[in-house]
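J.: One-letter residues, chain by chain:
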Amino acid sequence: MRLYLVVARGGFRRYTTYRVATAAGVFTNTVFGVIVAYTYIALWEQRPHLGGYDQSQALTYVWVSQALLMTVNMFGGGFADELVERIRTGDIAIDLYRPADLQLWWLSADLGRALFHFLGRGAIPLAFGALVFDLALPADAATWLAFLVAVLFGVVVSFALRFLVALSAFWLLDGAGVSSLVSIAGLFFSGMLLPLNAFPGLLGEVARALPWSSLLQIPADVLMGRHRGWGLLGAYGFQLGWAAALLGAGRLLQSAAVRRVVVQGG
Amino acid sequence: MVAARPPAPGAWSAYRMIAGMWIRSTLTYRASFALMLCANFLVTAFDFVVIALMFSQVRSLGGYSFAEVAFLYGTSTTAFGLTNALLGSIDKLGARIRDGTLDTLLVRPVPVLAQVAADRFGLQRLGRLLQGVMVLAGSLVALDVHWTVLKAALVPVMLLSGTALFCAVFVAGAAFQFWAQDAAEVQSAFTYGGQTLLQYPPTVFAKDMVRGVTFVLPLAFVNWLPGLYVLGRPYPLGVPQWLAFAPPLVAAGCLALAGLAWRTGVRAYRSTGS
Numbered sequence: 001m002r003l004y005l006v007v008a009r010g011g012f013r014r015y016t017t018y019r020v021a022t023a024a025g026v027f028t029n030t031v032f033g034v035i036v037a038y039t040y041i042a043l044w045e046q047r048p049h050l051g052g053y054d055q056s057q058a059l060t061y062v063w064v065s066q067a068l069l070m071t072v073n074m075f076g077g078g079f080a081d082e083l084v085e086r087i088r089t090g091d092i093a094i095d096l097y098r099p100a101d102l103q104l105w106w107l108s109a110d111l112g113r114a115l116f117h118f119l120g121r122g123a124i125p126l127a128f129g130a131l132v133f134d135l136a137l138p139a140d141a142a143t144w145l146a147f148l149v150a151v152l153f154g155v156v157v158s159f160a161l162r163f164l165v166a167l168s169a170f171w172l173l174d175g176a177g178v179s180s181l182v183s184i185a186g187l188f189f190s191g192m193l194l195p196l197n198a199f200p201g202l203l204g205e206v207a208r209a210l211p212w213s214s215l216l217q218i219p220a221d222v223l224m225g226r227h228r229g230w231g232l233l234g235a236y237g238f239q240l241g242w243a244a245a246l247l248g249a250g251r252l253l254q255s256a257a258v259r260r261v262v263v264q265g266g
Numbered sequence: 001m002v003a004a005r006p007p008a009p010g011a012w013s014a015y016r017m018i019a020g021m022w023i024r025s026t027l028t029y030r031a032s033f034a035l036m037l038c039a040n041f042l043v044t045a046f047d048f049v050v051i052a053l054m055f056s057q058v059r060s061l062g063g064y065s066f067a068e069v070a071f072l073y074g075t076s077t078t079a080f081g082l083t084n085a086l087l088g089s090i091d092k093l094g095a096r097i098r099d100g101t102l103d104t105l106l107v108r109p110v111p112v113l114a115q116v117a118a119d120r121f122g123l124q125r126l127g128r129l130l131q132g133v134m135v136l137a138g139s140l141v142a143l144d145v146h147w148t149v150l151k152a153a154l155v156p157v158m159l160l161s162g163t164a165l166f167c168a169v170f171v172a173g174a175a176f177q178f179w180a181q182d183a184a185e186v187q188s189a190f191t192y193g194g195q196t197l198l199q200y201p202p203t204v205f206a207k208d209m210v211r212g213v214t215f216v217l218p219l220a221f222v223n224w225l226p227g228l229y230v231l232g233r234p235y236p237l238g239v240p241q242w243l244a245f246a247p248p249l250v251a252a253g254c255l256a257l258a259g260l261a262w263r264t265g266v267r268a269y270r271s272t273g274s
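Listed in order, the protein sequences are those of chains A and B. If you read the first sequence in the numbering used here, its first letter stands for residue 1, the second for the next number, and so on. If you read the second sequence in the numbering used here, its first letter stands for residue 1, the second for the next number, and so on.
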């Protein structure tokens, strides 16, 4: 356990060195937040209560999505690119021989990274959004806490998905194609482009049942108090169910992959 | 005696050579390339899917119909797609400065800009262009516009000068990275952010934002000002209508400024030395 805490801290500290890049990212998230916010205002003016949101809830959604974009890695990539590279070059053999579990090792590092991005790139755009636009943010600490838990589960689901994708490199060697297709699915089905409850009909139902809705839609709805009491437990259950299923699949794939590794000397 | 050397290639032929090399290298992994082309097409198409999803819920956005928004989307995406295919690697300049590989490019007898722009040239970037052209073509069919010769001639002009304007923004952004090496994302705010902004009608945004992209960073000349003339729509901010024909001039001015910024950047460059 202590080992994984150290790895997580390393994952966090690694990103603290990129201060200029973080500031640049905050700027970009804020610019995109403003652009998307105005398009949502235009949309919700035409259709008030679209997807069950009023305008200030729709705007809250925009700023939460900018805040979580890097935290839950909705674009995919992140550690996965690095893991693919290690598989391709054979450095993975070194990872496999450490006295640590491959999946837990990368999960810890990714949680550290997520925490950094949440604080470094999430907080300021959200605060900016709250200052400039009329947002529906909760006043009580309990809802914020429930939101943080939902974000944590979202990060785990996102990790589990990306881990699966990265392991495909054991068979494909060049993982770029698969990884970009999966990140597209993530971008679309996470609700980054439009809230999933504003998706029409069957498409919306399918989108809300897929694992990606754990990344943004559920945390945003928890923050806006749309899941309370048993509903909140249901939302958590949905996230944890997907997390367990995907982590389990990753574990199976990992053991199959490890059997394929042939260490070439020299 | 100095040995005779073949003359150094010009910027354009160097660009073609490097780009050709990268094309051959991407085509080595054909399955992966096909996937990446699809991915590029899809990921950029999602911008349009969002607009289509929005219009599945409403009849107009900012007072504009679906075909009109598709026209704005198609023109800005086509121009941006061309720029992205031509110069897309340039935003990696910061990484090259940090790891010192820019030095290798500086000692070659070929313009640095051509080398940086052609680096990692990816055919899959044509995905975005293809998708922009398709939406634009669809919108031209669907639009209810009284076409005149002038309007019809303005469309290709706005695509080309729009490309030039986006190129200027990319080059200026890259020049900025000579000073702020880690700030590649600031550039994205202006390039990708600007492109996203232009997909929607100006009536959607706050007056100050429209003012900013008209007079400060003149992205409005990519498609808003010429496009609104084609659509026969009133102009934002009450600017004169003849500005619809100014894009080539504005683009030329911006390219000159961006070139100047690039030269200053290259001169100011100090190697990391390791």
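Wrong hints could be hidden among the right ones.
Stated by the list, open to error - Pulled a few chain A residues facing chain B out of the computed Cβ check, cut under 7 angstroms:
no., residue
1, Val20
2, Val31
3, Thr39
4, Leu43
5, Arg47
6, Leu181
7, Phe238
8, Leu240
Hint data in this document are derived by calculation from the structure and do not stem from the laboratory. A virtual CB, placed ideally from N, CA and C, is assigned to each residue, including glycine.
J.: Taking the numbered hints from earlier one at a time, note which ones the structure violates and give those numbers from smallest to largest.
T.: Numbers 7, 8 - these are the hints that the structure violates, sorted from lowest upward.
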